[in-house]
Amino acid sequence: MTSKDPTRCEEVQSSLQSYLSGEISPLNRSRIEAHLENCPDCALAARMIESVGRAVGSPPPLSRAKKAQLLAGIHLRLESPAPRWSFRLRVALPAMATVAAALGIYMIVSIDAPDPAPQDTLARGEDAPPPPRVEVQPPASGYVEQLVGGATVYAEAVSDLRAEHVDGTNIIEFSRGRLLVNYDRAVAERELEVRVPGLRVQVVGTVFLVDATPEATEVAVRRGLVRVLTDSGEEFRVDAGHALKLGLSPGPITPMAPPTRAAFDRRFPTGHDEQPTISTQRPQRQRAARRGGKDVSPRLKPRPEPRRAPKPLPTDAEELRALLAGSDSISGERREEAMYRLATLERRSGNGREATEWLRRLSEASNSGRAQLAQLEHAKLLRKQGRLPEAERELLALRRRPGKSLAKEYGHFELCSIFVERKRFDEALECFDEFAVSFPRSERVDAAKAMTVKLRGVLSK
Amino acid sequence: MRDRALIDRVVEGRPGAFDELYYAYVDAVHRKLVLLVGRGAHVDDLIQDTFLAVHQNIGRFRGDASFRTWLYRIVVNTALQHLRRGRRRSEPVFLGDVLVENLVGENEDGETFAARRESLRVLHTALESLKPKKRIAYLLYEIEGYSLEEIAELTQSNVTTVGSRVRSARHQLKTTLLRFEKRTSEVAR
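Protein chains in written order, with my numbering: chain F, 1 to 461; chain E, 1 to 189.
Check each hint, because a few of them may be wrong.
Stretch-level coverage of chain E by chain F, calculated; a stretch enters the list once three of its residues show a Cβ under 8 Å from a Cβ in chain F [said to hold, decoys possible]:
1) 19-27
2) 46-54
3) 162-176
Cross-link-like lysine to aspartate or glutamate pairs, in silico, DMTMM-like; alpha carbons within 20 Å at most [stated by the list, open to error]:
4) E:Lys-182 with F:Glu-414
5) F:Lys-67 with E:Asp-27
6) E:Lys-182 with F:Asp-41
7) E:Lys-174 with F:Glu-10
8) E:Lys-182 with F:Glu-50
9) E:Lys-182 with F:Asp-446
10) F:Lys-449 with F:Glu-427
11) E:Lys-174 with F:Glu-11
12) F:Lys-66 with E:Asp-19
13) E:Lys-174 with F:Asp-41
14) E:Lys-174 with F:Glu-37
15) E:Lys-174 with F:Asp-446
Just so you know, the hints here were simulated from the structure itself, not pulled from any lab data.
By construction, the Cβ of each residue, glycine as well, lies at the ideal position given by its N, Cα and C atoms.
Bound conformation, chain E alone (with noise of 0.2 Å):
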């Protein structure tokens, strides 16, 4: 397996071996971690982070998962530690970034615009209010489509447990969304 070989060239400390596993898998550590803990400066050192643990604790990787998966495990820890710390509300995903600019049209002025950061926002908010492991439990599974088994395994949660995180944050949002959609037809009419 190519990525055992690779693996086994990290732990023996061969020239070049660690850049080349980082080049593999910088590309989906950084979507993970965009996804678990939103866009911002913050997702470079978090980056790091994952790969310096990559680069601490390689050597007890035993290949019972794939590597794959034991990463995304560091990943999923990396952000649960910066979600703890509070860290998250840092820079907030949606504002001010390109998403919001995509999603605004060609002439939309400046009224137009707050709107739709506005309801942005709400969501952002939402989302942010959620408990971390909740937080990413509910989008390794709605929006990446995880198993359950997938996410307990990721979390070192068991199933259960897995499950009702991801109703709950289910519930949450939907009230939270409900709420913004009755306020905001309050106020249109």
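In isolation and in its complexed conformation, chain F is listed as follows (with noise of 0.2 Å):
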């Protein structure tokens, strides 16, 4: 992009990108500067060019690994374009339901992750709620539960289970048994592969579920691509939105709508009276110290009982003082969240005074976000009620707190702006100033520089 004289909107609007990554001229940086100090639709579109730019961001690049991995799907998809799995599968049934019946798999593999949100959802702008994300319940007991690589793995009576990395991938073994997976391609550091005797399930997609039993094994894909590979050299694709079913004997392959989280349920539920043996017996570590594998087999331990779920704090302000009133009754974070609660029903009550004790006193009973949020805020209102002094002790305190919140960011950014109403430019000065170095990613680091500026250009006077 060319920079031109940038001195109207419409020239200046062109030549944000090459102002904000840097290459301009210093010339017509400062022709550019002065004309957004005094635009605020231009100052409104490098901000908006900054913080898109910013949330974009540059993505980490693929590593070797993954770039061969992806090229390698690349051949695969070219030498063998997706099959016509119902003609295929008509082939393979036979086979795979054998192997099945033999072995007596039951198998239940889901692989999940953040499920598409609704069309309707995000249309609805920014008042939508974030996206579902579909949570696999664990089951209630009689599982174990471990991590293999961003996986979770839930095992019920699984025989000689073995987790390794091979080349990248983490793959997961076991001959009889049942097994859920919970996979999250979105944190996962490995790719992940399930073998059962005579079948592996790769993902290649995202989101996809197996279920093997002695009767018969389904496999349904929400989103993505999943293969399914028999040890005969059988190879099946099933995209999303479609579902295939193997029963003992050839028949019929009907299309399946993907699974819901209800079926899923219902094929895997919680509660259950099954209190299956678990072996903590591991040979299987042995066996591949041996072959010079690394072993990341699951510790096996008993699932702890969920946490049961705390009271909801009352919402009645009379309520929440009698809570906070008994001193034993409640503590800690929940303590801090019904301080919280109760200032901002004060405050929507028109009680300011005491809104501004509640938050005081939560602002004093830790350096926690809430706390710090508290602290804040009881300074605006001490702002808003006239007490220039004292919010500015209050913000000062805020700012020597350790670390770096969102809270700090704004009453830095207010205590600045009470320098200025307190008409101590130097102060202002070198309070906006400190704000650009220490909050460079800020929203209002533009607004910090504009004023910076504009003090100078006072204080000069």
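From the two separate chains plus the hints, produce the assembled complex.
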């Protein structure tokens, strides 16, 4: 993009990209800065580009292994275009079914990841809630839990379970039993493959479910692409929105709807009565060591009882006050939450003094995020009440707190504004300068920089 | 020209030529796709789709434009198809990502982290609400610094249309951002 003489909004806006990336002459830079100071529209455009650019960011580079893996996938797709699985399945069905029947495989594998948000959710704009995440509830009891790479594995009566790292892939292998794997591709460091005798299930896409019982095996894909390989060399690909079922005898293959949460829960009920015996012996660990492979077999330990959700806090000011008055009835984080809620209720009812008092108490309670936020709000209330010296004292205390937080960022800016309001321009200049250095990614950094320029002008006069 | 020779070898089906081309451009393709559709597992699929399209169509590359431009046209088409399918909403770009971690201070707790996430989510939602072609034109113009002519070539549209898409996207994002800033300042007071 070429940089013209940026004297007008159109020209300035067309030069913003170069300006923000620093690829602009000093003369043009100062002209743009001068324009931005006086033009809220262009300043907003600059802030917008900067925010979007920062948010989009540069992705971390692909690792060599990842590149190789993607290339292998491309070659695979080039060499064997997606088969017409319904046809091929009929051919392979007896073989797979025989294997399943002979071994009595009973397996559930679920690969899960954030679910697509419904179209209308995001169309509603900024008030829309974040896209729902599909949570796979762990079984209530009778299962053991362990992390393998980015996957959470729940095993029930699984014999000979083994997990290994091989060429950048986590391989979970077992011969008999039931296994639930909750794999979040967004956090998983490695690829995942689940192997049972005669069958391999590879993650190509992200969300799929395999349900193998002695009677039938079912593969249903919610999103992405799944590759199912048999030892006899058959390969099936099932893509999003499709499912296939393998029975004991060849039959018609019916495309099915992808599994819903309810369907999943039906297949994997929680709170059942079965209490399987879990083997904690891991001979496979020694076998893997002998082979020289890295053994990451899950350490099997009983899953702890799920924690009971705490009782929700009251929403009435009187009840909250009573709760906070009892010294032992509530403590720690919940106490802070109750104080914050009470302060909010008081403020809404117009009891500014009460609200200020609760915010002050909360801000002195700890250095938690909520305490910092309370201190900021306390200072703002004081400022609103015209108690500027007290507000300043609170904000200075907030600034001295360790670490960085949004409350500190906002508080710092508020403090600078108070300096301006009290006409202590030299301190305000220093304050805004420091703000720009301490919070270079803040949404208010441009405003802070603009203020330093203005204040320098004022002070030079 | 190095690219030309390599492309000829790919067209002839010489062993290893396609792999060489892939390794030469995979990083650029990855970067561009992440810019256009956001991060997530779907990017892997789109990289593969892009290079499959390259493999299938490279015989038609005449060399009128540079290979990079031709490749980026495929990238843009792949991204457009993806966005049109509505799959872009599968994994929000800014949530639970490295980026958010980078933006959060060392000692920030859950609440502050949540506040950051909220502001990023709003920005993300605003970008997501743009129509695919508008979004692509805006990102290429404002973030990548492409000229309207270059974007017109990549998206096979005319310059005036691209210009109006950029302006419209800019207006839409500006409105969202202003609304959010106003709401934030109201909450803060």
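Consistency of the hints with the structure:
For the stretch 19-27 of chain E, the stated coverage by chain F is satisfied: 5 residues place a CB nearer than 8 Å to a CB of that chain, which reaches the threshold of 3. Given a C-beta distance limit of less than 8 Å, the hint that chain F covers the stretch 46-54 of chain E holds, as 4 residues qualify and 3 suffice. Taking a C-beta to C-beta cut-off of 8 Å, the stretch 162-176 of chain E contributes 4 residues in contact with chain F, enough for the three needed, and the coverage statement holds. A hinted pair counts as satisfied when its Cα atoms are at most 20 Å apart, and Lys-182 of chain E with Glu-414 of chain F qualifies at roughly 16 Å.
Of the pairs offered as hints, the one joining Lys-67 of chain F and Asp-27 of chain E holds, with about 9 Å between alpha carbons and a cut-off of 20 Å not exceeded. Taken as a hint, the Lys-182 of chain E and Asp-41 of chain F pair is honoured in the structure, with Cα atoms around 15 Å apart against an allowance of 20 Å. With a C-alpha separation of about 15 Å, the suggested pairing of Lys-174 of chain E with Glu-10 of chain F holds against the 20 Å cut-off. Taking the CA atoms of Lys-182 of chain E and Glu-50 of chain F, the gap is near 19 Å; set against the 20 Å cutoff, the hint holds.
A hinted pair counts as satisfied when its Cα atoms are at most 20 Å apart, and Lys-182 of chain E with Asp-446 of chain F qualifies at roughly 17 Å. Restraint check for Lys-449 of chain F and Glu-427 of chain F: satisfied, since their Cα atoms lie roughly 15 Å apart, inside the 20 Å limit. About 18 Å separates the Cα atoms of Lys-174 of chain E and Glu-11 of chain F, which keeps this hinted pair within 20 Å; it holds. Distance restraint check for Lys-66 of chain F and Asp-19 of chain E: the Cα-Cα separation of roughly 14 Å lies within the 20 Å cut-off, and the hinted pair is therefore satisfied.
Annotation: proposed proximity of Lys-174 of chain E to Asp-41 of chain F holds, straight-line Cα distance about 9 Å (limit 20 Å). The straight-line distance between the Cα atoms of Lys-174 of chain E and Glu-37 of chain F is roughly 18 Å, inside the 20 Å bound, and the hint therefore holds. Between the alpha carbons of Lys-174 of chain E and Asp-446 of chain F the distance comes to roughly 16 Å, so the proposed pair stays at or under 20 Å and holds.
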